[in-house]
Amino acid sequence: MTRIILFSILIWLFSSSLIAQNALQSQIFNARDRVMPALVHVEPVIQIFTRGEKQHTVVTGSGVIFSKEGYVLTNHHVAANATKVWCTLSTKERITATVVGSDPSTDIAVLKLNLEELENEEIPFAELGNSDSLEVGQIVLALGSPLGLSRSVSMGVVSSIDRYFPNRGSMVSPYNLWIQTDAAINPGNSGGPLINLFGDVIGINARAVFFAENLGFAIPVNLVREVAEEIIEGSSVKRAWIGLEFQQIKDLKEYLGKDDFHGVLVSHVTENSPAEKAGIKSGDVIQHIGKEKINVVYEEDLPTLRKIIAALPVGKKTGWKIWRNQKSMDVKVSAIEEPFKDDPEYEASEWGLVVKGLSWHIFQMQSLPDYNGVYVSSVKPSGPADESSIRNGDVIRKINDKVVTSDQEFKSLYETLIAKDGGLIYLELVRNGHPYFAVIKPGAGS
Amino acid sequence: MKYIRLFITIVCLGSFAAFAQGPQDIFEKYRDNVCLVEYYKNISSQTKIGSYMKLKQKRIGLIASADGLIIVNSDVFPISLDILSMDVGSFRSGEPSDFKVKLHDGREYKAEFIGKDDVAQMAFIQITDAIEAPLPFVKFDDTSNIRVGQPVYLLELLGEGYEYEPLFTSYTINAVIKSPRRKFLIKNDINALSAGGLVITAEGAAVGITLRNGYNMDFSEHGEFDDFRRDFLEIAPTENFQGLIEDPPIFQKSAHRGKAWLGIGMQALTDGLKEFWQVPAEGGIIIDRIYPESPAGKAGLKVKDVLIEFDGQAIDVTRDEELRRFRELITNSKPGAVIEFSVFRDGKVKKEKVTLGSAPRSIDLAEKYQSAKLGLEVRELTWDILYEYDLPLKTTGVYVFQVDRASPAGLGGLDVGSIITHIDGKAVKGLADFEQKISEAVENGNNKIMFQVRYRRVTSFVFIDAK
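Line by line, the protein sequences give chains P and V. Take the first sequence: its position 101, counted from the start at 1, is 101 in my numbering, and no numbers get skipped. Just add 1000 to wherever you are in the second sequence, counting from 1, and you've got my numbering.
Be a bit skeptical, because a hint or two may be false.
Said to hold, decoys possible - Taking lysine-lysine and the DSBU-like style, the derived pairs with C-alpha atoms no more than 35 Å apart in a straight line are: (1) P/398 x P/307; (2) P/332 x V/1029; (3) P/321 x V/1467; (4) P/250 x V/1302; (5) P/327 x V/1426; (6) P/327 x V/1448; (7) P/253 x V/1467; (8) P/398 x V/1302; (9) P/441 x V/1351; (10) V/1058 x P/250; (11) V/1056 x P/293; (12) P/68 x P/238; (13) P/291 x P/327; (14) P/253 x P/327; (15) P/258 x V/1304; (16) V/1102 x P/250; (17) V/1426 x P/253; (18) V/1426 x P/398; (19) V/1467 x V/1048; (20) V/1426 x P/258; (21) V/1029 x V/1056; (22) V/1351 x P/321; (23) P/293 x V/1448; (24) P/356 x P/84; (25) P/356 x P/258; (26) P/293 x P/258; (27) V/1048 x P/398; (28) P/281 x V/1351; (29) P/317 x V/1426; (30) P/332 x P/317; (31) P/281 x V/1368; (32) V/1437 x P/258; (33) P/253 x P/307; (34) V/1437 x P/321; (35) P/307 x P/356; (36) V/1178 x V/1058; (37) P/321 x P/341; (38) V/1426 x V/1394; (39) V/1437 x P/277.
Derived by calculation from the structure, the hints in this document are not laboratory data. The structure displayed is predicted, hence computed values, not measured ones.
Assemble the whole structure, with the sequences as input and the hints as a guide.
In structure tokens:
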């Protein structure tokens, strides 16, 4: 009798594990079937400048269709500077798409498929889920074209839901708390969806760590949704800027011995910024912005704070509560629109150089007194700029004594001057934080 | 009569043979002037601030005076002495110690480091033990007649494997470099112990000292493979160091007097700028920066001024690569020298007199405070750091020179190169003040110390566990 019971238990255990396995398998199939038809193999033809020469190259990435109008989510680093975008759908049909807009700060870009190129303009699209409900350990699938191998699926779990990366040089993601996963993510997966077992998109895959095993990072879909909506509405994301850098207050709380202390520590105030004009000093602790209570205990809390600041009304004063020298005080801060734009590079071919708008990184590195100027991103060897000793990394501040306020201003000054035909062009630059002078002789060099 | 002539001819030939020196004679003559210098290089520990690792080193030395002045290469102490030699520094180098001089006849003497000149690449040590009799020393000759193709001998020491025996080789002068500093080049195919070998002409005149053989594997800016220095040995001619032998540089931290200094940032007057500003000169130097409190600033020179003449001599610089010619003009002058510049300003040429100063000492010579417990070494702020970071000279604080990564300072995130401006919210006035504030914080039993720091122009806070 005991033997029969034991045998029955074994049979039951075996069959239930089979059932469970089958259930997982069918969930995976279902999830795959909900998103795979909306998966896109993205091949942008991008424009790059190497030693001042314009070149075109094709890169490979992934994307996912998320609306019936044919909007596709992908990464900024896939679609930025694209002159043409080819998209291969799950049906293997190959059509073109246009870049609606892209946001370098979050690494999100939105494409729109040119549906008129299809015989049947009705296309499948994936549902965007809710990344706030994700849990560590939850099973996820990564879809995309790793190393160009299209329509690939890999599986893993969510390893972390709040991975934070401080800014490093040009690698910046101030607003992102990344989803970390061990689902295999390789170059080419960028822009592809990370999905849960219900077939909802919960993230956009964006980064992997080379020489590491199974360390992939995706942008949470709730952030993606906010940014994509703004891009579709206005082609770019506009953010407010006040010129502050922050540190978490974990150490400060311990230092002060105040467990119930809240806020964020101001580590740096940019010269001539709205924050400096409002009288904020490094060492201040910001406790309220408007009615919003601020509490940045750990660095993972920084993106939330930055989003609050980015959403401030431009040109209008907001009341802030700050803590300075054991006392609470009020200041009024009037934000401006972020002065640093990541516009595409602009080629001044007659002068043999390529420029870009300033980034915060360049602004700091070159110790600029204001936000005027453009950054020289590439110089053509033996061209007029090279002949006049202009180098990559220089910042052009004035052209013929006119202040270059932006890359747009540069473009218009350049176009006016080349239309005039000839004449020396006098530039005032900043190199390694100090003035540098140069004269371009159009037509000089080879 | 015929026999008399023959006799005179034989006597002449014989005496010529007696006076002419063969290579063996030249070797014998100079062999005792070359000595082996032993010392310890002291390398600052990265894991225990304040302790130094000792590494035994050997160099070729040349005896320069009867009382025991010895010339060695300046790499025996690789630190920057003043702000003009920023690229020489090695922040982990402590002072070299335990110098010992071994003569060819086996005698050994203790010696000490007295000073160095990084432009000439020469350092000087002095024997401190009593010497029984005056030492044989090298007398250097004029080099103005040295020409390409001239045969020379090189007297050096071999390495450890050959027990530092003298090495005597015959070479030919392959090139004479004129600018920015005169040098001779010879093709080198034998490895000697170090730089510092003696160069002698076939007539037996000492005319130079070998320098460090700098490999340069860089790609040049214009894409050519710049292998100019490969396999060449550089030789400093007498005039580059004779003055130093007569008046050796004295290394004394507090009283160090730097090289002659003008205190400007500069760029070349390119053809384009010359044409645009209509400068009446072939070349020149554009001032693009005036360092605060510099001789140039005190004399009223301004940014955008173009210097076109140096004491009546045209400054023929049209490319940035040629700027070092102008730097040599300044560093070859003496601090305190009055230079008359022709300056192009606002469309006119003016004469401006500038009294050269001496270059401010570098951070390598600054006074230091080390705390092995907190894991940091800080130094008083020197002008080179403030110039580099573009901060006003009145900036107060201390410079973070070294951090032990596994210490409270390292774990707190303190970075080398930052300036600590405040401790616990109070301004740090200087090194002594820093030391006092740190001791107070530790004595008060604070759990954490808060540093406000700035790296270049960006400020942040660092919290350090004090317990």
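Keeping to a limit of 35 Å between CA atoms, is the pair of residue 1178 of chain V and residue 1058 of chain V held or broken? Distance of about 31 Å is within 35 Å: holds.
For residue 1467 of chain V and residue 1048 of chain V, compute the direct alpha-carbon distance and say whether it is at most 35 Å. Between residue 1467 of chain V and residue 1048 of chain V the Cα gap is close to 17 Å, so the pair holds against 35 Å.
Restraint check for residue 291 of chain P with residue 327 of chain P, where alpha carbons must lie at most 35 Å apart: holds (19 Å)
Assess, step by step, whether the Cα of residue 1029 of chain V is no farther than 35 Å from the Cα of residue 1056 of chain V, and give holds or violated. holds (30 Å)
Decide if the proposed pair is consistent with the structure: residue 253 of chain P and residue 307 of chain P, CA atoms, cutoff 35 Å inclusive. Holds. Residue 253 of chain P to residue 307 of chain P sits at ~23 Å (cutoff 35 Å).
Would the pair residue 1058 of chain V and residue 250 of chain P pass a check requiring their Cα atoms to be no farther apart than 35 Å? Roughly 52 Å between the alpha carbons, so the hint for residue 1058 of chain V and residue 250 of chain P is violated.
Hey, residue 1437 of chain V versus residue 258 of chain P, does the alpha-carbon distance stay inside 35 Å? It holds: about 23 Å lies between the C-alpha atoms, which stays within 35 Å.
Need the status of pair residue 398 of chain P, residue 1302 of chain V: alpha-carbon distance at most 35 Å? holds (19 Å)
Assess, step by step, whether the Cα of residue 1426 of chain V is no farther than 35 Å from the Cα of residue 398 of chain P, and give holds or violated. The given pair, whose Cα atoms are some 41 Å apart, is violated under the 35 Å limit.
Do the alpha carbons of residue 253 of chain P and residue 1467 of chain V lie within 35 Å of each other, as the hint requires? holds (17 Å)
Would you check the hint for residue 1048 of chain V and residue 398 of chain P, treating anything up to 35 Å between C-alpha atoms as holding? Given pair residue 1048 of chain V, residue 398 of chain P is violated - Cα atoms ~50 Å apart, limit 35 Å.
Does the structure keep residue 293 of chain P and residue 258 of chain P at a Cα separation of 35 Å or less? holds (17 Å)
Of the numbered hints listed earlier, those contradicted by the structure are 2, 4, 10, 11, 15, 16, 18, 22, 25, 27, 28.
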